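Asker: Heads up: the sequence lines are chains A and B, in that order. When we follow my numbering, the leftmost residue of the first sequence carries the number 33, and every step to the right adds one. When we follow my numbering, the leftmost residue of the second sequence carries the number 24, and every step to the right adds one.
Among the clues, some could well be false.
Ranges of calculated distance between the beta carbons of each label pair, as one might list FRET restraints [to be verified]:
(1) B:Thr28 to A:Val131: 31 to 41 angstroms
(2) B:Pro30 to A:Gly104: 41 to 51 angstroms
(3) B:Thr48 to A:Gly72: 39 to 49 angstroms
(4) A:Ile70 to B:Pro99: 48 to 58 angstroms
(5) A:Gly104 to B:Trp100: 37 to 47 angstroms
(6) B:Arg116 to A:Arg101: 16 to 26 angstroms
(7) B:Val79 to A:His42: 14 to 24 angstroms
(8) A:Gly48 to B:Val79: 49 to 59 angstroms
(9) A:Met50 to B:Ser97: 16 to 26 angstroms
(10) B:Ser97 to A:Leu145: 42 to 52 angstroms
Computed cross-link-like contacts, DMTMM-like style, restricted to lysine to aspartate or glutamate with a CA-CA straight-line distance of at most 25 angstroms [what the hints assert, rightly or not]:
(11) B:Lys92 to A:Glu76
(12) B:Lys130 to A:Glu76
(13) A:Lys35 to A:Asp103
(14) B:Lys92 to A:Glu133
(15) A:Lys89 to B:Asp115
(16) A:Lys91 to B:Asp105
(17) A:Lys91 to B:Glu37
(18) B:Lys26 to A:Asp103
(19) A:Lys89 to B:Glu54
Worth flagging that the hints you see were computed from the coordinates, not collected in a lab. The model shown is predicted, which means the values in this text are computed figures rather than measured ones. All C-beta atoms in this analysis are idealised placements derived from N, C-alpha and C, irrespective of residue type, glycine included.
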Amino acid sequence: GPKVLQIPSHQIIDMGQMVTLNCDPVSNHLYFYWYKQILGQQMEFLVNFYNGKVMEKSKLFKDQFSVERPDGSYFTLKIQPTALEDSAVYFCASSLHRVREQYFGPGTRLTVL
Amino acid sequence: LAKTTQPPSMEAYEGQEVNVSCSHTNIATSEYIYWYRQVPHQGPQFIIQGYKDYVVNEVASLFISADRKLSTLSLPWVSLRDAAVYYCIVTDRMSNYNVLYFGSGTKLTVEP
């Protein structure tokens with residue numbers, strides 16, 4: 033079936049540094065999402081993105097977070113600066129239409145030291 | 024959004040049919056029911072969605088009670104690969120961009 037790719041699979045950085053997580057969504061999809069899952073805890077919604085704009089975001093989507101998809105390339109999540117509590121697996125998802133199913137990538141494990 | 028309640032865990036043997044229940048007693052008329060599953064170290068995978076009655080696809084079937092307060096995901100012949108956490112998610116297709124709010128799900132263990 034359709035695949036969502038995420039690069040890198042694992043990233044280790046020092047607290048305070050900037051990190052960019054990259055997502056290659058399904059090619060014809062129009063809606064994009066980021067979710068965060070801390071080890072052993074529930075998956076939590078961060079943000080969704082459509083037509084070049086953030087449509088909804090949760091309280092977990094702090095001011096240090098930003099998303100963009102320049103010119104139809106990767107959908108990115110940038111964290112600047114990072115904090116220890118940002119350590120988690122970040123999942124990207126995409127869907128063709130807002131009421132259709134979402135396809136998830138394999139996740140990027142972010143470790144902030 | 025309607026809160027969902029699922030059993031925290033279930034066990035089955037390979038080849039058995041497994042039925043995972045989900046209670047959503049406050050489901051609204053604009054809300055739909057989605058089921059996803061997640062195996063370790065992977066992202067969630069869509070299984071099936073429905074609004075009422077009975078839905079079936081090549082992977083599973085979904086039965087929704089007449090009052091829509093209860094749904095049951097049925098996996099006909101489970102294998103070891105079906106061991107995963109199964110999430111029942113209710114989402115309002117009218118008022119948001121289909122954001123998925125995951126609960127703690129049902130952890131299905133499959134024994135050989």
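Asker: Please work out if Lys92 of chain B and Glu76 of chain A have their alpha carbons no farther apart than 25 angstroms.
Answerer: holds, 24 angstroms
Asker: Given the proposed pairing of Lys92 of chain B with Glu133 of chain A, does the C-alpha separation stay at or below 25 angstroms?
Answerer: holds, 22 angstroms
Asker: When you take the CB atoms of Pro30 of chain B and Gly104 of chain A, is the distance between them in 41 to 51 angstroms?
Answerer: holds, 43 angstroms
Asker: Given the hint of 37 to 47 angstroms, is the C-beta distance from Gly104 of chain A to Trp100 of chain B inside that range or not?
Answerer: Cβ of Gly104 of chain A to Cβ of Trp100 of chain B: about 41 angstroms, so the range 37 to 47 angstroms holds.
Asker: Taking the CB of Ser97 of chain B and the CB of Leu145 of chain A, does the distance hold inside 42 to 52 angstroms?
Answerer: holds, 45 angstroms
Asker: Is the hinted range of 16 to 26 angstroms satisfied by the C-beta distance from Arg116 of chain B to Arg101 of chain A?
Answerer: At roughly 23 angstroms between Cβ atoms, Arg101 of chain A and Arg116 of chain B fall inside 16 to 26 angstroms, so the hint holds.
Asker: Would you check the hint for Lys91 of chain A and Asp105 of chain B, treating anything up to 25 angstroms between C-alpha atoms as holding?
Answerer: Since the Cα atoms of Lys91 of chain A and Asp105 of chain B sit roughly 33 angstroms apart, the hinted pair is violated (cutoff 25 angstroms).
Asker: For the hint 39 to 49 angstroms, verify it against the beta carbon of Thr48 of chain B and that of Gly72 of chain A.
Answerer: violated, 28 angstroms
Asker: Within a Cα-Cα threshold of 25 angstroms, do Lys130 of chain B and Glu76 of chain A meet the stated pairing?
Answerer: OK: Lys130 of chain B and Glu76 of chain A at ~18 angstroms, within 25 angstroms.
Asker: Given the hint of 31 to 41 angstroms, check if Thr28 of chain B and Val131 of chain A actually sit that far apart at their C-beta atoms.
Answerer: Distance hint for Thr28 of chain B, Val131 of chain A is violated at roughly 24 angstroms.
Asker: Within 14 to 24 angstroms: is that where the Cβ-Cβ distance between Val79 of chain B and His42 of chain A falls?
Answerer: violated, 38 angstroms
Asker: Cβ-Cβ distance between Gly48 of chain A and Val79 of chain B: within 49 to 59 angstroms?
Answerer: holds, 52 angstroms
Figure legend: structure checked against the earlier numbered hints; hints not met, in rising order: 1, 3, 4, 7, 9, 16, 17 and 18.
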